[in-house]
Each structure stands twice: as structure tokens, then as C-alpha cells.
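Go by the hints and put chain B onto chain A.
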Amino acid sequence: MTTHAVADTATLTGRSLRHILRSPDTIVTTAVMPIAFLLLFTFVFGGAIDVGDASYVDYLLPGILLITVASGIAYTAYRLFLDLQGGIVERFQSMPIARSSVLWAHVLTSIVANLVSLAVVVGAALLMGFRSSAGLGAWLAVVGILVLFTLALTWVAVIAGLSAKTVDGASAFSYPLIFLPFVSSAFVPTESMPGPVRWFAEHQPVTSIVDSIRALLAGDAVGGALWIALAWMVGILLVATAVATMLYRRRVR
Amino acid sequence: MTALTPAISVRGIEKSFRDLAVLRGVDLDVAPGSIVALLGSNGAGKTTLVRILATLLRADAGAASVAGHDVRGDAQRVRESLSLTGQFAAVDEVLTGRENLALVARLRHLPDPNGIADRLLARFSLTDAGGRRAATYSGGMRRRLDIAMSLVGDPRVVVLDEPTTGLDPQARIEVWDAVRELAGAGTTVLLTTQHLEEAEQLADRIAILHRGVIVQDGTLDELRALLPQATVETVERQPSLEEVFLAVVGADGASPDEASAPKEVDR
Chain A
1 MTTHAVADTA TLTGRSLRHI LRSPDTIVTT AVMPIAFLLL FTFVFGGAID VGDASYVDYL
61 LPGILLITVA SGIAYTAYRL FLDLQGGIVE RFQSMPIARS SVLWAHVLTS IVANLVSLAV
121 VVGAALLMGF RSSAGLGAWL AVVGILVLFT LALTWVAVIA GLSAKTVDGA SAFSYPLIFL
181 PFVSSAFVPT ESMPGPVRWF AEHQPVTSIV DSIRALLAGD AVGGALWIAL AWMVGILLVA
241 TAVATMLYRR RVR
Chain B
1001 MTALTPAISV RGIEKSFRDL AVLRGVDLDV APGSIVALLG SNGAGKTTLV RILATLLRAD
1061 AGAASVAGHD VRGDAQRVRE SLSLTGQFAA VDEVLTGREN LALVARLRHL PDPNGIADRL
1121 LARFSLTDAG GRRAATYSGG MRRRLDIAMS LVGDPRVVVL DEPTTGLDPQ ARIEVWDAVR
1181 ELAGAGTTVL LTTQHLEEAE QLADRIAILH RGVIVQDGTL DELRALLPQA TVETVERQPS
1241 LEEVFLAVVG ADGASPDEAS APKEVDR
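Chains A and B are the protein sequences, given in the same order. Everything in the first sequence is counted per the numbering used here, starting at 1 for the first residue and increasing by one. Everything in the second sequence is counted per the numbering used here, starting at 1001 for the first residue and increasing by one.
Keep in mind the hints are simulated off the structure, nothing from the lab. Ideal Cβ placement from N, Cα and C applies to all residues, glycine included. Mixed in with the good hints, there may be bad ones.
One-sided and incomplete, this derived list gives chain A residues near chain B with beta-carbon spacing under 7 Å [claimed, not checked]:
1) THR11
2) ARG15
3) GLY87
4) SER94
5) PRO96
6) ILE97
7) ARG99
In isolation and in its complexed conformation, chain A is listed as follows (with noise of 0.2 Å):
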């Protein structure tokens, strides 16, 4: 059973991703809503917000590039539950296939498309005037983070896609997490908020990541928000793909 793991795997992965290539528009309505919040932040309420003597649009974009996984992994819910509703999901356990390989083909597919969607929206910061210092080992860590974050984000998606009763249901669970980042140091810094909002967004995961990712591309050394940062991330990706490992067996069995 195991040996097909990978194959099989990479098989549904295959298809997956053709569903994206058929309809890219998914990649794009991805990267909208991030790109306007980088416009309304940085041409409109930017010059109001004192980050020190960084540009705003270089504080802003690491916050906006969480967004923007957590946008995207609305989708990863939304094909998840469209397969189980329609009952292909079914069709492949009646298969000789290994058990797994259904769910870590949306959880692959999902990193894929907000890769995509994250190069599309640096693409606009650039164009914005966003510029980095970063050098390539400091870049590498920072895709190493997004790709983490999107790989616990992912797996937080797969129990709201295995759970959800509505096709509504299965993407609603995003908003929270595309406003926490709201409530961090992503748009503006924790010391002008009010004592327990500012205690509230310095110890939510956002803060530490967005920090960690601000401190790589401006090329200053990282501190312990890294490891805090890391210890989120591994955390919520640890309880996520139990409860969603939990959540798949009960339903398939």
C-alpha cells in the first residue's frame, strides 16, 4: 500500500493541478485582494503611519503576503469539499490506492498555487517601489517561512473543507485568518495600540512571523521571533494534520 504512496501521490497531484491550470482565475482572485490592500496602504494611509525609517510599502509587504495565503487556501477548502460532495473522493477509496495520497495531493496543489499567487503579488510590490536587501540565503529563508506557513495554514483548510456542510462553509473559515494580520505588527507597530490589544497582537503567531520575514528581506540579523515564529507554525501544523487525519478516517473510514 505504501509503495504506491508517492506515485499515487503525484498522480492526484497531477490532476489537482490541472484543475488550477483550467481555471487560473483562482491564482489571480487569490492575489487581488492583496494587491489592493498594498495600494490602499501604501498610496493612501501609509503617509499617516510612522514605521521609522523604513519605506512603508518594504513594513507592509511581509503582513500582505500572509494575506495572501490566507486567501488562497480558502480554495484549497472549496476543491476539497467540491471532491467529496461530488464523490470522486469516493471513487478513488474504492480504488487500490494509498489511503493518504488524496489529501496530500490537495495540500501539494495548495502550495503550488500560493507560490504562484505570492510571486504575483511581490511582482506588484516591485512595481510599488518595494525593494530588498536581501541576499539569496536570506530569500531562501523566507520562502522556507511562507511555504511552512502555507503548508499549516493548508492543513488547517483540509478540517474545514472535511467538516464543512456548505460549499459557503468550507471557504468562511478564511476570514478570521486574512484579519488577524490586521490585529499584529503587520500594518502598523504594537506600541501605538492600547494595552490589550497591543498585549493580543504581540503574542498571536502573526507578529513573530511577519517580524521574522520584515528582519530577512531588510537584511537585519533575525532574532528570537524566529523561533518563535517557528514554533507557531510547526504547532498549528502539528494539531491541524492530526485533527485532519482524525476528521478523513472517520469519514472514509
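Same frame as chain A, now just chain B:
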């Protein structure tokens, strides 16, 4: 599998959903190469039994085997021997007909998936439509594609769960032809249906599932013999609405798209 091993063997299968006992001790044998119809009204438990045989559901009690493999202990072997076509045509709408078939061939780890796809498209008169997305297919074409997907890799046993539900008369005849051809090639077919005529048309044996048990199991003649002897009456027989419908629209059921695929209708 020797000739004595039934293609499907079901012994005392029980299944409840919460308090609702759906299957209450089902026994059923399906001989290799035969077509058996599992006849029952809505909610009789036909789909539940089929899902247990396809390893999608676990029985509470009893045993079932497919081609000699236990559905519980040897699920992977069962999945290799049996193919299920569910109640709703589970095809990938975004993919073309050819891609759907090749996908199943790859998941069954067969060599030359594209060749297999082309042969099945030809066999089910879908060659011309093979390059189009399945979303553009008519109900009958989707069903045929669905059944073709079940035949990838020539499984010994094919289970069709209400294969003609929701189809118009022409599409139903197309599916019937496909099922007959299957059995002609030696595949064992278990099909569930709530239409008496379908069972009569296709099945070598008919098993009637009622309130969670098989209440009768036999050939059509055996079932007929259960009732009092036929009496001879003279009745003027009006054509049925179905016969009228088929005569008016053309009995070969050829829609423009499928004009290249003549079907014979024996009635």
C-alpha cells in the same frame, strides 16, 4: 478463483446507523460471470450493502468476500478485484473523458494509461467526445464514461449502484447495452435497482432486499413460479408511452453528438 468460489459472498451482514437497523442479516451469493440484480425500494439498504462490498463502509456483524478476499481483512485485494459505480456519476468534470479514464488507469498502476483510455472510449462510443470536458457531456454519456472508468483494469466484479436512476429512456437503453456487453465479456455484475423492468431485462438472478434482509433470491422464472399459475386472458395491448416516445424520437436514441454510435434496441 475456482469456478466454485462465488464472485461475491455475503453472510449475515448487519449494519445500523445509530438506532436504525438498515441491514439485518443479509446473505447473498453471486456466481462468477453472472448478472445479479439487487432489487429493493428506496431505503431498503441496497447502497449500504454495496458500500460495504466496496470497502467504503464497515459492517457491524457478518462477513463478506469479493473474489475470495475478505472485505475487512483484505480490503486492498478487494479494491483490486471490484469496481464500484456509485449512484451519482463520479467523473471529474474539469477533465476530459480521456483524461478521466487515464487518471483511473494511473491510479490502478497499469501500463499505457492513454492506450487503455482510447480503447475504452471506443468501446463506449465516446471517441469523438473523448477530448471534451466531462462537464459538457449529456446524462447518458456521463453514465457511460462512469461505467467505462469502472472497467479500467478489467476488474472481475463490477458493482453498479442504480446505474440508470435519473436517466431518460434513451440513455437508459445505452446503459443497459453497456451492462449486457460487460457480462458478455465474462465480468460479474451486481447491480442495484428499484425498477422491476431493469431487473427483468438484465439479470440472470434477482435478489429482493426488503427491510434489511433478502426475502427472495432466484431466477426470474423461479420468482414467477412463486405466484399462482398464469391464466390466459385476451387483452388488447396499447403501446406503452415509452414505446411511443422512442418511436417518435427515433429508437436508436442518437443525439447529434452520438450519431456515429448506432445502438441496436431489441424490443
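Against the structure, the hints come out as follows:
Interface restraint check for A:THR11: the shortest CB-CB distance to chain B comes to about 4 Å, inside 7 Å, so the restraint holds. Interface hint at A:ARG15: satisfied, since its Cβ lies 6 Å from the closest Cβ of chain B, which is below the 7 Å cut-off. Using the Cβ-Cβ criterion of 7 Å, the hint placing A:GLY87 at the interface with chain B is satisfied: the shortest such distance is roughly 4 Å. This hint holds: A:SER94 has a C-beta 4 Å from the nearest C-beta of chain B, less than the 7 Å allowed.
The criterion of a C-beta within 7 Å of any C-beta in chain B is met by A:PRO96, whose closest approach is roughly 4 Å, and the hint holds. A distance limit of 7 Å between C-beta atoms decides the matter here; for A:ILE97 the minimum to chain B is near 5 Å, and the interface restraint holds. With its C-beta approaching chain B no nearer than about 10 Å, A:ARG99 sits outside the 7 Å limit, and its interface hint is violated.
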